[in-house]
Amino acid sequence: MLLSPVKIIETAAFDLDKPTLIEGLPGLGLVGTIAATYLVDKLKMEPLGYMVSEKFPPIAAIHNNIPLHPARMYKSKKYNMIVLLSEFIIPLNSVYPLSEAILDWAISKKVGKIVSLGGIVIRGEQDEVFGIASTPALVKELNANGIKTIKEGATTGVNGVLLAECASRNFPAVSLLAEAKPDYMDPKGAALVIEALKRIVGLDIDTTDLVKESVELEKKMTDVLTKARESGKHYKATGEEYGSMYG
Amino acid sequence: MLLSPVKIIETAAFDLDKPTLIEGLPGLGLVGTIAATYLVDKLKMEPLGYMVSEKFPPIAAIHNNIPLHPARMYKSKKYNMIVLLSEFIIPLNSVYPLSEAILDWAISKKVGKIVSLGGIVIRGEQDEVFGIASTPALVKELNANGIKTIKEGATTGVNGVLLAECASRNFPAVSLLAEAKPDYMDPKGAALVIEALKRIVGLDIDTTDLVKESVELEKKMTDVLTKARESGKHYKATGEEYGSMYG
Amino acid sequence: MLLSPVKIIETAAFDLDKPTLIEGLPGLGLVGTIAATYLVDKLKMEPLGYMVSEKFPPIAAIHNNIPLHPARMYKSKKYNMIVLLSEFIIPLNSVYPLSEAILDWAISKKVGKIVSLGGIVIRGEQDEVFGIASTPALVKELNANGIKTIKEGATTGVNGVLLAECASRNFPAVSLLAEAKPDYMDPKGAALVIEALKRIVGLDIDTTDLVKESVELEKKMTDVLTKARESGKHYKATGEEYGSMYG
Amino acid sequence: MLLSPVKIIETAAFDLDKPTLIEGLPGLGLVGTIAATYLVDKLKMEPLGYMVSEKFPPIAAIHNNIPLHPARMYKSKKYNMIVLLSEFIIPLNSVYPLSEAILDWAISKKVGKIVSLGGIVIRGEQDEVFGIASTPALVKELNANGIKTIKEGATTGVNGVLLAECASRNFPAVSLLAEAKPDYMDPKGAALVIEALKRIVGLDIDTTDLVKESVELEKKMTDVLTKARESGKHYKATGEEYGSMYG
Amino acid sequence: MLLSPVKIIETAAFDLDKPTLIEGLPGLGLVGTIAATYLVDKLKMEPLGYMVSEKFPPIAAIHNNIPLHPARMYKSKKYNMIVLLSEFIIPLNSVYPLSEAILDWAISKKVGKIVSLGGIVIRGEQDEVFGIASTPALVKELNANGIKTIKEGATTGVNGVLLAECASRNFPAVSLLAEAKPDYMDPKGAALVIEALKRIVGLDIDTTDLVKESVELEKKMTDVLTKARESGKHYKATGEEYGSMYG
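In order, the protein sequences belong to chains A, B, C, D and E. So in the numbering used here, the last one in the first sequence is 247, and the numbering has no gaps at all. So in the numbering used here, the last one in the second sequence is 247, and the numbering has no gaps at all. So in the numbering used here, the last one in the third sequence is 247, and the numbering has no gaps at all. So in the numbering used here, the last one in the fourth sequence is 247, and the numbering has no gaps at all. So in the numbering used here, the last one in the fifth sequence is 247, and the numbering has no gaps at all.
There could be a bad hint or two in this list.
Unchecked claim - According to the in silico footprint, chain B covers these stretches of chain A (three or more CB under 8 Å from chain B):
#1 5-17
#2 130-137
#3 163-169
#4 187-197
To be verified - Calculated cross-link-like contacts (lysine-lysine; reagent style DSSO-like; alpha-carbon spacing at most 27 Å):
#5 A:Lys44 x A:Lys151
#6 E:Lys219 x C:Lys181
#7 C:Lys109 x E:Lys219
#8 A:Lys7 x D:Lys220
#9 C:Lys7 x B:Lys110
#10 E:Lys220 x C:Lys151
#11 C:Lys78 x C:Lys109
#12 D:Lys151 x A:Lys219
#13 D:Lys44 x D:Lys110
#14 B:Lys181 x C:Lys219
#15 C:Lys220 x A:Lys55
#16 B:Lys55 x C:Lys148
#17 A:Lys198 x A:Lys151
#18 E:Lys55 x C:Lys7
#19 D:Lys220 x E:Lys7
#20 C:Lys55 x D:Lys109
#21 C:Lys18 x C:Lys140
#22 B:Lys7 x A:Lys7
#23 B:Lys140 x B:Lys110
#24 E:Lys220 x C:Lys181
#25 B:Lys55 x C:Lys181
#26 A:Lys113 x B:Lys7
#27 A:Lys181 x B:Lys220
#28 C:Lys220 x B:Lys148
#29 A:Lys109 x A:Lys148
#30 B:Lys140 x A:Lys151
What the hints assert, rightly or not - Cβ-Cβ distance ranges computed for the label pairs, FRET-style:
#31 E:Ala144 x D:Lys219: 23 to 31 Å
#32 D:Ile9 x A:Thr208: 57 to 65 Å
#33 D:Tyr184 x E:Lys219: 42 to 50 Å
#34 A:Lys110 x D:Asn93: 31 to 39 Å
#35 A:Asp17 x B:Lys109: 24 to 32 Å
#36 B:Lys109 x A:Pro136: 40 to 48 Å
#37 A:Lys110 x D:Tyr184: 33 to 41 Å
#38 E:Gly146 x D:Ile9: 42 to 50 Å
#39 A:Glu213 x D:Lys110: 51 to 59 Å
#40 D:Glu152 x B:Tyr184: 30 to 38 Å
Treat the hints as calculated values from the structure; they're not laboratory data. Note that the structure is a prediction, hence the values are computed from the model and not measured. The C-beta atom is built at its ideal place from N, Cα and C for all residues, glycine as well.
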């Protein structure tokens, strides 16, 4: 595909067999990141590695006393599953490189399927999850599981690029988009999307407490997201090539 | 010519013999894209490949449930023809690389002739298609088919660069420009340009229903075009290096 | 000198012996481009090649039904002369690369002398052409032919870079600058500069009709110049990374 | 990790054995730079080398009559310690390269531990220093020394990138952040952070005079910081590619 | 040090033995350029070479009928001296490359000492020249010659980078900064700095006429400086990628 200035670095043994790669990047209502974080917590997933690039905001997330790269991966041997999440918005100039890095890595690791989680503008009641799939067989599978697929439209960002590329290569990829409120965080959307995920991937996870627990989650995520954004805004706002005094 | 950061990737066998390459890129009244899409639909053309570049908007078009690269190619063995179309405006910094990629690819594939479809500001009644050709012989051919050629002027974008380059190399290339309204979409212009195309390329296609059917077509194309534009605008408008919360 | 991302491509045999290279680039009153175009027309010069770069505006000029690269060269075996002209303003980031490409090419082709034509702000009546030369011998030659040389000052753009470089290498180069009005086009300045050129290069050309004929010429050049400028402005004005709908 | 356009150049012999690397970069209240400078002065540390990059402001600090690179390192054989400091804000595009250069260099030199000093917004009285550590063992060590660690949050800049990278590689790194006033300079914060440093690194240094002496220190640092900022602002403000007359 | 996209090209034989390199770049009151130009004229120095870069303004200075690169060098065998001067403000992105090019060249040519001339804001009467030196021995030498050295402060631009680098490498370098008015040109500052220069370098030159003669000098320099600035401003102001009509 293209040149890749994004690197994926593994920090633990890869002991999975054709695993499913769940991708949760920030988007509408932060559905992807919330859902991914919830999966990592509840399924007690272990660190697997991280993504790094000069174009990413220079920031460490601190969770449970440990500094972490804000774009990283976890694994679960039990569920034969990987979760890839980011706590910052992927910058425009990193969308192609990250998409390529993920797909190249997934293929090299013999990932069986990519499922990305995200949000979509509410089209009525907030009770539905829409799907997009890279192959006609997967479209049928989604429909068979009661997930409406998007027939005509467009989807942007890492998910969009991955889907188009996977469709071209006949690689199985699915995007699940829960109706979400364009608020800061929409845990209800995250719960919806996890429930849809459960219909296509066998998972033992309860989402009834997600909304309640999300108060805690929101606290954890807010600081990283805000500082990631501000680290860019700050330098720009000062309008000075060499930053301001209180960088 | 130049360095090419645009890649053309084939996803199906190339079983054509000196085919005509029809190019339909967005422009005035979206004539090129509408006409190209209509040709693909009505002539039941098959996917041939796609173009990809880091400079293209990171987006997947979804048509008939399948995610697609928004710049792609179709083939018709019956008509010995290729249609190359884009559902997004070619960014300025991709005009040269895409032009070069198309021409290099066309030559390597022994394409017989390039015909690009587009729109031009209406110069009276909307009833005419103007032509530009890369060789005197093609100018005569256009005129013989009742298509007025532009004697003095200028033409920009991928079509312009391709025409100048083809003229320099004596490669047969034609640009057909239908009078079009600078509205969002002008299906009448698309119908005009297809009728002109029929006069120089033997095609069994009826355009009487194009304007009527274009309501459906417009629905399909609008979402991709809008999201392609917004994916760029969004990142800029936020004025933040690392995007806003709802990317 | 420097790296050259500008390419000069020859499309005809180079059958000249130490020819004079006349350079006519847009500048004050468009004197250079008008004069060069007039020379090409009246001396019935033949196409020799063109210059191309990703930094040039993506545009084809259409003259006499044929699409042309807007920066190109013509030759005259009779006058042992080359005319290099551009129908668009050389972008700032292309000034060095183009200057280098021209000089390297000129040296490799054993060009005997470079003469660039341009305009200068009127310093009284519009009746004078000022000269700059790269060697003391050429300064004398200009003075001997009644052309006042600029003793102290500065000159910018491709002409300036070429003159300084030629002076450093002792390569014969002359710049002729006719007093010109800073209007859109000043054919009188072009006539003045051609008359001065005739004094240092033997040419059989009558400029009495230039001003009269320039109405026609202006029509030919305006469309290219305007569209070249607008192709850049357009993309910028939209303020969108991926262009607007009517690109 | 990544490409490194920042170079670390040693100008003295490296005669230390698994030393501690203390890092003091400008940030809130300039705590890091003040504390680092104070350590260098009071511990009579010797020059060890400097960091240089085209992205750094082009400036020399002049201290005690000698021009110095504004980002540089000192060593103390007695304390087996290195101090790395910068007198200018690290530009955003240098955060990753500098972080990588520091960590690569530290590993190649067998540095035992990295301790970065900085400021944090006051959360009550200005009497506390918060810690972040790259390993659970170091978190315990900080807590055992009465330094509260940040359990959830985020930290940006060189410190953040270093901490996340060190945590991934299991390299011992600590960040000490003193509550500081977002004023031009907060020597009290610097004193606080040095006192915390003393609790984890054996140091014979008295900070009781730091606030008093900081008047002198401020004078020394102000000129460099101001000129570093202005060197960037100046060129931008003029809005001219080639600077203004009084550069 | 770093990559160097600035080239130094020699156009005459280098027949000097460990010469002193005098550097006069534009700055406060244009002291450096005026003083350097005056030295070249009065000491009848000969051309030695020039500096060129794509980042420099594309311009030729014309002096005494000859086009010249605006950044260039002269030599004097009699005084075993080189003068390096620029008639345009060094663009920010060229400060590091030019500094590196000068120092690398100076070392390769076995230059004995670098002395840069410049201006500094007046701190009382305009009667003093301040010095900065790269080594303690040179500080003493300056003081012994009655030149006060700057003990604490900062200095920016090519001089600053050169001084810090020379201090790191123990290469002898001196900066002489005359009190100057931030006006367009301050010949009095230039006279002051030449008088200081005479105290550390044996020179037979009279500055009593400098202020009087500077009217002539100002005329010579103004055109180049103005056009250099405008060549950048022009392209920017138009706000068009492809320049305006009267480039």
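Here's how the hints hold up against the structure:
1. 5-17: violated (count 0)
2. 130-137: holds (count 4)
3. 163-169: With 6 residues in contact (Cβ-Cβ under 8 Å with chain B), the coverage given for the stretch 163-169 of chain A holds.
4. 187-197: This one is violated; 0 residues, fewer than the three required, reach chain B with a Cβ under 8 Å.
5. A:Lys44 x A:Lys151: 36 Å, violated
6. E:Lys219 x C:Lys181: 24 Å, holds
7. C:Lys109 x E:Lys219: Distance ~39 Å between lysine 109 of chain C and lysine 219 of chain E Cα, so the pair is violated.
8. A:Lys7 x D:Lys220: 42 Å, violated
9. C:Lys7 x B:Lys110: 25 Å, holds
10. E:Lys220 x C:Lys151: 10 Å, holds
11. C:Lys78 x C:Lys109: Holds: lysine 78 of chain C and lysine 109 of chain C sit about 17 Å apart, inside 27 Å.
12. D:Lys151 x A:Lys219: Holds. Lysine 151 of chain D to lysine 219 of chain A sits at ~12 Å (cutoff 27 Å).
13. D:Lys44 x D:Lys110: 23 Å, holds
14. B:Lys181 x C:Lys219: Cα-Cα ~25 Å, so holds.
15. C:Lys220 x A:Lys55: The given pair, whose Cα atoms are some 47 Å apart, is violated under the 27 Å limit.
16. B:Lys55 x C:Lys148: 51 Å, violated
17. A:Lys198 x A:Lys151: Given pair lysine 198 of chain A, lysine 151 of chain A holds - Cα atoms ~23 Å apart, limit 27 Å.
18. E:Lys55 x C:Lys7: Given pair lysine 55 of chain E, lysine 7 of chain C holds - Cα atoms ~20 Å apart, limit 27 Å.
19. D:Lys220 x E:Lys7: Not OK: lysine 220 of chain D and lysine 7 of chain E at ~36 Å, beyond 27 Å, violated.
20. C:Lys55 x D:Lys109: It is violated: about 46 Å lies between the C-alpha atoms, which goes past 27 Å.
21. C:Lys18 x C:Lys140: Status holds; Cα separation ~21 Å.
22. B:Lys7 x A:Lys7: 22 Å, holds
23. B:Lys140 x B:Lys110: The hint holds at about 23 Å.
24. E:Lys220 x C:Lys181: 25 Å, holds
25. B:Lys55 x C:Lys181: 42 Å, violated
26. A:Lys113 x B:Lys7: 26 Å, holds
27. A:Lys181 x B:Lys220: Roughly 25 Å between the alpha carbons, so the hint for lysine 181 of chain A and lysine 220 of chain B holds.
28. C:Lys220 x B:Lys148: 18 Å, holds
29. A:Lys109 x A:Lys148: 30 Å, violated
30. B:Lys140 x A:Lys151: 45 Å, violated
31. E:Ala144 x D:Lys219: 23 to 31 Å: Given range 23 to 31 Å: holds, Cβ gap about 27 Å.
32. D:Ile9 x A:Thr208: 57 to 65 Å: 60 Å, holds
33. D:Tyr184 x E:Lys219: 42 to 50 Å: 45 Å, holds
34. A:Lys110 x D:Asn93: 31 to 39 Å: Holds, since lysine 110 of chain A and asparagine 93 of chain D (Cβ atoms, about 37 Å apart) stay within the stated range.
35. A:Asp17 x B:Lys109: 24 to 32 Å: 41 Å, violated
36. B:Lys109 x A:Pro136: 40 to 48 Å: 28 Å, violated
37. A:Lys110 x D:Tyr184: 33 to 41 Å: 57 Å, violated
38. E:Gly146 x D:Ile9: 42 to 50 Å: Given a distance of about 35 Å, which is not inside 42 to 50 Å, the answer is violated.
39. A:Glu213 x D:Lys110: 51 to 59 Å: About 44 Å separates the Cβ atoms of glutamate 213 of chain A and lysine 110 of chain D, which means 51 to 59 Å is violated.
40. D:Glu152 x B:Tyr184: 30 to 38 Å: The hint (30 to 38 Å, Cβ to Cβ) is violated, given that glutamate 152 of chain D and tyrosine 184 of chain B are roughly 48 Å apart.
Comparing the model with each earlier hint shows violations of hints 1, 4, 5, 7, 8, 15, 16, 19, 20, 25, 29, 30, 35, 36, 37, 38, 39, 40; every other hint is respected.
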